[in-house]
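Enquirer: Protein chains in written order, with our numbering: chain G, 1 to 261; chain E, 1 to 254.
Derived by calculation from the structure, the hints in this document are not laboratory data. Errors might be hidden in some of the hints.
[Unchecked claim] Quick look at which bits of chain E chain G covers, simulated, 3 or more residues with Cβ under 8 angstroms: (1) 23 to 31; (2) 40 to 53; (3) 121 to 131.
[Said to hold, decoys possible] Some chain G residues flagged as far from chain E (calculated, every beta-carbon gap over 12 angstroms): (4) Leu39; (5) Ala47; (6) Ser93; (7) Arg249.
[What the hints assert, rightly or not] To spell it out: a stretch of chain G is covered by chain E in this simulated footprint if at least three of its residues, at any positions, have a beta carbon under 8 angstroms from a beta carbon of chain E; those stretches are: (8) 99 to 109; (9) 162 to 176.
Idealized CB from N, CA, C, for every residue including glycine.
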Amino acid sequence: MILLNKFGFTYLSYKALYSFQTLRLFILFRILDPFMHYLFFATLVSAIAGPDYLSYVVLGNVVFYTGRTMMINFMSMFRGERQYGTLELNIASPTSTFVIISRKAIVPLLDGLFVLIVGLIIARLLFGIELPVEQFGYLLLLFVVTMFSLLSFSLLFACVSLLFSNVNLFLNFMIASFQVFCGVNFSVSLLPGPMEAVARVLPLTNSIEAIRSIYQLENNAIRPLLLNELMVGAAYFIIALILVNVMERLARRQGALFKNV
Amino acid sequence: MNFFFLLVRELKYFTNFQNKMYQFLLFFQPLMFLAIVYFLQQMRGGVNVEKFVVASALISMWSYVLYSSGSALIAQKWSDTLKLLIAAPVSLFQVILTKAISNAFIALLSMILSFVYARFIFQLPVGIQDYGLFFLSVLVLLFSLSVVGMILAIVFVAFQNVFDYQNLILIPVLLICGVFVPVDSLPWVFRAIAFVIPMTWGIQGVYETLALSPQMFTTMGIALLISVVYFLLSVLIIKRMEMVLRNHGSLGAI
Numbered sequence: 001m002i003l004l005n006k007f008g009f010t011y012l013s014y015k016a017l018y019s020f021q022t023l024r025l026f027i028l029f030r031i032l033d034p035f036m037h038y039l040f041f042a043t044l045v046s047a048i049a050g051p052d053y054l055s056y057v058v059l060g061n062v063v064f065y066t067g068r069t070m071m072i073n074f075m076s077m078f079r080g081e082r083q084y085g086t087l088e089l090n091i092a093s094p095t096s097t098f099v100i101i102s103r104k105a106i107v108p109l110l111d112g113l114f115v116l117i118v119g120l121i122i123a124r125l126l127f128g129i130e131l132p133v134e135q136f137g138y139l140l141l142l143f144v145v146t147m148f149s150l151l152s153f154s155l156l157f158a159c160v161s162l163l164f165s166n167v168n169l170f171l172n173f174m175i176a177s178f179q180v181f182c183g184v185n186f187s188v189s190l191l192p193g194p195m196e197a198v199a200r201v202l203p204l205t206n207s208i209e210a211i212r213s214i215y216q217l218e219n220n221a222i223r224p225l226l227l228n229e230l231m232v233g234a235a236y237f238i239i240a241l242i243l244v245n246v247m248e249r250l251a252r253r254q255g256a257l258f259k260n261v
Numbered sequence: 001m002n003f004f005f006l007l008v009r010e011l012k013y014f015t016n017f018q019n020k021m022y023q024f025l026l027f028f029q030p031l032m033f034l035a036i037v038y039f040l041q042q043m044r045g046g047v048n049v050e051k052f053v054v055a056s057a058l059i060s061m062w063s064y065v066l067y068s069s070g071s072a073l074i075a076q077k078w079s080d081t082l083k084l085l086i087a088a089p090v091s092l093f094q095v096i097l098t099k100a101i102s103n104a105f106i107a108l109l110s111m112i113l114s115f116v117y118a119r120f121i122f123q124l125p126v127g128i129q130d131y132g133l134f135f136l137s138v139l140v141l142l143f144s145l146s147v148v149g150m151i152l153a154i155v156f157v158a159f160q161n162v163f164d165y166q167n168l169i170l171i172p173v174l175l176i177c178g179v180f181v182p183v184d185s186l187p188w189v190f191r192a193i194a195f196v197i198p199m200t201w202g203i204q205g206v207y208e209t210l211a212l213s214p215q216m217f218t219t220m221g222i223a224l225l226i227s228v229v230y231f232l233l234s235v236l237i238i239k240r241m242e243m244v245l246r247n248h249g250s251l252g253a254i
């Protein structure tokens with residue numbers, strides 16, 4: 001019964017807030033749209049830097065698109081709650097706000113994981129990027145670490161997005177910044193010093209370098225990169241946890257949460 | 001007179017800083033693409049950067065026209081003001097035309113911004129050898145974009161679901177129209193599609209003007225010719241649309 005309640009909550013949250021309810025839309029936006037995205041950047045980068053960089057760019061964009069999906073999902077979740085006036089109810093509920101958010105996070109997490117796996121399958125089937133079978137252990141570890149760091153950042157990102165009156169502009173700006181700062185299309189070592197320092201504390205940067213190393217497109221040590229990504233994820237997780245608690249306290253004290261927006 | 005009044009109102013509305021939806025497309029997106037071009041050209045020497053600076057501008061122009069013109073009429077339908085447009089003293093054709101023209105001119109603003117960013121922020125060469133010819137080719141491209149904008153407005157309002165697929169249209173058109181890879185190098189199916197899109201010729205005209213190719217006037221001529229054909233076709237469809245709206249009070253019949 002407890003399990004049913006827990007999963008029922010996640011399912012209800014999915015039905016209420018998730019935008020792709022039909023299989024047709026799901027296929028279009030979770031398979032065709034990412035494919036178009038990879039194709040676009042593969043063409044752009046191949047045209048400028050040469051076809052040798054195709055695998056490099058496609059893998060970078062597979063991880064980037066996963067991050068993008070999770071950020072959009074989380075932000076839509078918070079925006080939906082805010083739009084329908086149920087954000088405050090989460091805080092008033094006897095269940096801890098963090099537990100509520102965690103249960104809701106299962107859907108974006110599974111969605112992100114699906115996008116990542118489909119991305120790697122597209123990379124194999126349509127771009128001919130061989131899956132490194134011998135590195136399968138590292139690939140699994142990458143899935144876990146990347147999902148954790150993206151989940152943590154997306155949670156923080158969604159909390160911060162509540163401060164903005166126009167969340168779409170904030171979302172687009174963040175996504176565009178990630179495209180430049182996280183080494184999606186080119187190595188972060190090309191960025192000037194301070195920009196590279198920023199890139200190193202963003203999620204995705206280490207994961208992108210790790211996936212390229214797993215696919216033997218770069219020669220970096222995989223374990224330190226995954227460890228860095230894990231630490232970056234843990235840092236964002238702690239900040240997000242603090243932010244959720246602060247939001248909760250403020251909401252309880254003031255009886256409202258960003259009601260003026 | 002109404003036409004110019006509408007045009008000015010449209011331009012003011014979309015360049016309004018309160019209109020946050022388009023701020024990203026106009027101001028931030030060119031920065032992102034130019035940053036990618038800037039760092040990528042460092043990876044490989046001897047890149048024709050000028051072409052990719054123009055390509056960045058073209059991406060922004062097309063995105064803007066797709067989102068603004070594409071949603072021009074459907075937004076009226078959603079806010080239930082489409083019927084008011086039919087009762088207005090100006091024809092539906094004039095309304096759509098002003099929207100398409102104003103959006104194409106704002107797309108030009110995006111191109112100019114891209115060049116300013118390229119020159120002063122990224123120190124990338126824009127590579128225009130003959131400004132007069134380049135401006136002429138951009139005017140032809142703007143005409144093509146206006147016509148494509150009119151068609152998008154019609155298609156999106158007639159088939160509601162198309163709006164869901166706006167993101168899916170953005171990239172294939174950029175790839176097919178030869179923004180990065182020349183149309184001639186595409187498989188014949190895509191080449192055939194590309195040649196009937198007015199923007200393909202407009203974009204090719206811009207690139208040929210940059211290289212001062214002897215074929216540039218022919219390309220611009222073809223761009224104008226194809227655009228005029230689409231323009232006449234869209235006039236007919238809009239007239240028919242207006243008639244259906246007047247007779248049935250809705251657009252479901254299209």
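Enquirer: Counting residues of the region 121 to 131 of chain E that have a beta-carbon nearer than 8 angstroms to any beta-carbon of chain G, does the count reach 3?
Expert: It is violated, with 0 qualifying residues against the three required.
Enquirer: Taking 8 angstroms as the C-beta cutoff, is the stated coverage of the region 23 to 31 of chain E by chain G satisfied by three or more residues?
Expert: holds (count 5)
Enquirer: Beyond 12 angstroms from chain E, beta-carbon-wise, is Ser93(G)?
Expert: 32 angstroms, holds
Enquirer: In terms of beta carbon proximity below 8 angstroms, does the region 40 to 53 of chain E have 3 or more residues touching chain G?
Expert: Coverage by chain G holds here, the residue count being 7 at a Cβ distance below 8 angstroms.
Enquirer: Is the Cβ of Arg249(G) farther than 12 angstroms from every Cβ of chain E?
Expert: Fine: 30 angstroms to the nearest Cβ keeps Arg249(G) off the interface.
Enquirer: Counting residues of the region 162 to 176 of chain G with a beta carbon closer than 8 angstroms to any beta carbon of chain E, are there 3 or more?
Expert: holds (count 6)
Enquirer: Taking 8 angstroms as the Cβ threshold, is the statement that the region 99 to 109 of chain G is covered by chain E upheld or broken by the three-residue rule?
Expert: Violated, because only 0 residues of the region 99 to 109 of chain G bring their Cβ atoms closer than 8 angstroms to Cβ atoms of chain E.
Enquirer: Check the non-interface label on Ala47(G): least C-beta distance to chain E beyond 12 angstroms or not.
Expert: Given that some Cβ of chain E is not farther than 12 angstroms from that of Ala47(G), nearest at about 4 angstroms, it is violated.
Enquirer: So Leu39(G) supposedly isn't at the interface. Is its beta-carbon more than 12 angstroms from every beta-carbon in chain E?
Expert: 7 angstroms, violated
Consistency with the previously given hints fails for numbers 3, 4, 5, 8, ordered from lowest to highest.
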